[in-house]
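Please construct the entire structure, taking both the sequences and the accompanying hints into account.
Residue numbers (numbering that gives the first Met the number 0): 0 to 565.
Any given hint might turn out to be false.
As the list claims (entries may be wrong) - Okay, derived cross-link-like pairs now, BS3-like style, lysine-lysine, Cα gap no bigger than 25 Å in a straight line:
| hint | residue 1 | residue 2 |
| --- | --- | --- |
| 1 | Lys74 | Lys63 |
| 2 | Lys488 | Lys518 |
| 3 | Lys281 | Lys245 |
| 4 | Lys288 | Lys321 |
| 5 | Lys450 | Lys493 |
| 6 | Lys144 | Lys248 |
| 7 | Lys298 | Lys248 |
| 8 | Lys481 | Lys248 |
| 9 | Lys180 | Lys288 |
| 10 | Lys518 | Lys450 |
| 11 | Lys245 | Lys180 |
| 12 | Lys298 | Lys281 |
| 13 | Lys180 | Lys321 |
| 14 | Lys144 | Lys110 |
| 15 | Lys493 | Lys518 |
| 16 | Lys110 | Lys74 |
| 17 | Lys481 | Lys493 |
| 18 | Lys481 | Lys518 |
| 19 | Lys144 | Lys281 |
| 20 | Lys321 | Lys398 |
Stated by the list, open to error - Each pair of labels, with its calculated beta carbon distance range:
| hint | residue 1 | residue 2 | range |
| --- | --- | --- | --- |
| 21 | Gly99 | Glu150 | 39 to 47 Å |
| 22 | Pro138 | Ala22 | 33 to 41 Å |
| 23 | Ala61 | Asp91 | 54 to 62 Å |
| 24 | Gly132 | Leu75 | 36 to 44 Å |
| 25 | Glu453 | Pro417 | 27 to 35 Å |
| 26 | Gln432 | Ala218 | 53 to 61 Å |
| 27 | Thr353 | Arg285 | 35 to 43 Å |
| 28 | Gln432 | Pro356 | 31 to 39 Å |
| 29 | Ile93 | Lys56 | 48 to 56 Å |
| 30 | Ser217 | Ala438 | 42 to 50 Å |
| 31 | Thr178 | Tyr538 | 48 to 56 Å |
Calculated from the structure, these hints are not laboratory results.
All residues carry an ideal CB built from backbone N, CA and C; glycine is no exception.
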Amino acid sequence: MKRERYEEGKFEEFQPPETSLRALTLLDEILRARPPQDARLLNYLLLLRHQLEVDEKQFQEAQKALQEYEQVYEKLTSPANRIGVYLGAPADGIAIIAVGDTEYYANIDPKLDASNLQVGTRVRINEAFAVVGDLGYHPQGPIVKVQEVLEDGRLRVASDPQGMSGRLVLRGQELTDVTIKPGDEVRMEPNLKVALEHFAQREARDYYFEEVPEIPWSAIGGQEEAIRVIRDTIELPLLHPELFRKFEKQPLKGILLYGPPGCGKTLIGKATAYNLTQEYRKQTHRDVKEYFMYISGPKILNMWLGESERMVREIFAAAREKAREGNLVFIFIDEAESILRVRNSGRFTHISNTVVPQFCAEMDGLVSLENVVVMLTSNRPDYIDPAILRPGRIDRRVKVSRPDRRASRDILAIYLHPNIPLDPATVHEHGSQEAAREALLDGAIEYLWRKSAETEFVQVYLRNGSVETLYWRDLVSGALLKSVVDRAKDYAIKRAIECGEDSGISLPDLQQAIRMEYKESEIFPKSDSQEDWLKLLDYEPDNVADVRPIRPQDRERQSVSKRNIV
0 MKRERYEEGK
10 FEEFQPPETS
20 LRALTLLDEI
30 LRARPPQDAR
40 LLNYLLLLRH
50 QLEVDEKQFQ
60 EAQKALQEYE
70 QVYEKLTSPA
80 NRIGVYLGAP
90 ADGIAIIAVG
100 DTEYYANIDP
110 KLDASNLQVG
120 TRVRINEAFA
130 VVGDLGYHPQ
140 GPIVKVQEVL
150 EDGRLRVASD
160 PQGMSGRLVL
170 RGQELTDVTI
180 KPGDEVRMEP
190 NLKVALEHFA
200 QREARDYYFE
210 EVPEIPWSAI
220 GGQEEAIRVI
230 RDTIELPLLH
240 PELFRKFEKQ
250 PLKGILLYGP
260 PGCGKTLIGK
270 ATAYNLTQEY
280 RKQTHRDVKE
290 YFMYISGPKI
300 LNMWLGESER
310 MVREIFAAAR
320 EKAREGNLVF
330 IFIDEAESIL
340 RVRNSGRFTH
350 ISNTVVPQFC
360 AEMDGLVSLE
370 NVVVMLTSNR
380 PDYIDPAILR
390 PGRIDRRVKV
400 SRPDRRASRD
410 ILAIYLHPNI
420 PLDPATVHEH
430 GSQEAAREAL
440 LDGAIEYLWR
450 KSAETEFVQV
460 YLRNGSVETL
470 YWRDLVSGAL
480 LKSVVDRAKD
490 YAIKRAIECG
500 EDSGISLPDL
510 QQAIRMEYKE
520 SEIFPKSDSQ
530 EDWLKLLDYE
540 PDNVADVRPI
550 RPQDRERQSV
560 SKRNIV
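If you want it as structure tokens, here you go:
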């Protein structure tokens, strides 16, 4: 393009330069070349320069707005990127990705550093399904339970809460070296292809664990026969396995402790765990630890189908795992009749119809393990399904009876030990602390064992027509005797606070505690329900026609009727 310019009054052809020049720069050159004496020209040139500055600024703002518009327009009209999950790289520049349930063999954008991509991370995918961006791990996702860990590191996880169906998934990069065990939980990415986060399942590992205190056999009074049977059936196979193998005798896997409540079934279970572990340490010269799993039967019951069975599976899975680690494992199930009740064939399905078979299957799976013991307790063993109590599962039934007079004194002596303060007058009367203690024990047992109208407690009507009256002594238990001593301590403490002098337990304290225990104790049912009372009585349920507790008002009516007859 040619332009014309004015020079010395003549027009000449002008060829513009190839590079663009700013108008302000040219104007500045003109200002420097102007005649210094022409003030009017100077004003026009300065005004022109100001206008050029304004125009240039507006042009730049308009150009910037246009660029922003073009960027927004490009974003709004460009297609959306899909999001997939990165599963690995079979070759350089190639990625295996998953979008939903579909997998793709895709290219990786050369601008993207493929070495930073981790298995399980989210990636951006363009229309050509090429990986063009890394979005990192997904912060959310479903949590599923691990059913099995394969040798190559893959995980078999449950697809439903009952664990009836499952799928195989990969481990994320951060879980490559993490120890994952069946029963643990993992967080999946939304495509359910890769496990991203690990959660140790507390319920299966530590929830049932209970610390076992030091309970020597001497701390259990009045149960010598039950202790002997337990030691013969559980302790001997563990301490002398070579003899049992020589005679081809399988060790027992489980025992049932049954009897009235409060007589020491739970205490015997913990004592078994403690003493058996001590003997096993001495025999094997290894630092073996007991793992006592206390399970309350009613807590396993769950209204949701399959949940109770799942908990049974987890209990035994945790037991097998701890046993393989070298621990002595004791599975102690209290109130077993609540979950292992006799199955029925009625039209309505009871939870025991599915829990009992699951329990039997788990018991059969313990045959290969020598250091797992299953102990059940029950107040009503007749309610437990016979399949549980057959040989090979629960092989022995050990009755934990109520203590007799000698055993009751032994139990009372355990709780009223020599460190308990005694009444100074009683100590002075008998000459020494130990003599006073023996006198209190004899006096309390004599008061408890007496047979009078005051100690009549319940009448049992048998099916043969006879009626038997039970007294305080017939319903004594270790728990009741412990509560008696605790009540007596309360009386002595209150007396010491009120009188402001040394005080201790006296015989009247023990006698008052015995009376109040049989009057207010929560051990005894408040109703006349035969079902509730049969749990406390040492009678076969089939032989009992009726049970009638004797209330204080009944004794008053009887005494009035006797006076009227006289």
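- Query: Do the alpha carbons of Lys481 and Lys518 lie within 25 Å of each other, as the hint requires?
  - Reply: Given that 25 Å is the threshold and the Cα spacing comes to 16 Å, the pair holds.
- Query: Going straight from one Cα to the other, do Lys488 and Lys518 come out at no more than 25 Å?
  - Reply: holds (18 Å)
- Message: Please verify whether Lys180 and Lys321 have alpha carbons no more than 25 Å apart.
- Response: holds (12 Å)
- Item | Pair hint outcome, Lys180 versus Lys288 [Cα-Cα no greater than 25 Å] | Holds: Lys180 and Lys288 sit about 21 Å apart, inside 25 Å.
- Does the Cβ-Cβ separation between Ala61 and Asp91 fall within 54 to 62 Å? Once the Cβ atoms are compared, 47 Å apart, the range 54 to 62 Å for Asp91 and Ala61 is violated.
- Restraint status (C-alpha distance of Lys245 to Lys180 at most 25 Å): Violated - the C-alpha atoms of Lys180 and Lys245 are around 36 Å apart, more than 25 Å.
- Sort out whether Lys110 lies within 25 Å of Lys144, counting only the CA atoms. With a Cα-Cα distance of about 39 Å, the restraint between Lys144 and Lys110 is violated, given a limit of 25 Å.
- Is the Cα-Cα distance between Lys298 and Lys248 25 Å or less? violated (35 Å)
- Item | Given hint Lys245 paired with Lys281 - CA-CA distance at most 25 Å | holds (22 Å)
- Message: Hint check: Lys481 vs Lys248, CA-CA at most 25 Å. Holds or violated?
- Response: Violated, at about 41 Å.
- Message: Would the hint linking Lys144 and Lys248 be met if the CA-CA limit is 25 Å?
- Response: The hint is violated at about 38 Å.
- Message: Run the distance test for Lys481 versus Lys493: straight-line Cα separation, threshold 25 Å.
- Response: Holds, because 19 Å separates the two Cα atoms, which is no more than 25 Å.
In summary, the numbered hints that this structure violates are 5, 6, 7, 8, 11, 12, 14, 19, 20, 21, 22, 23, 24, 26, 28 and 30.
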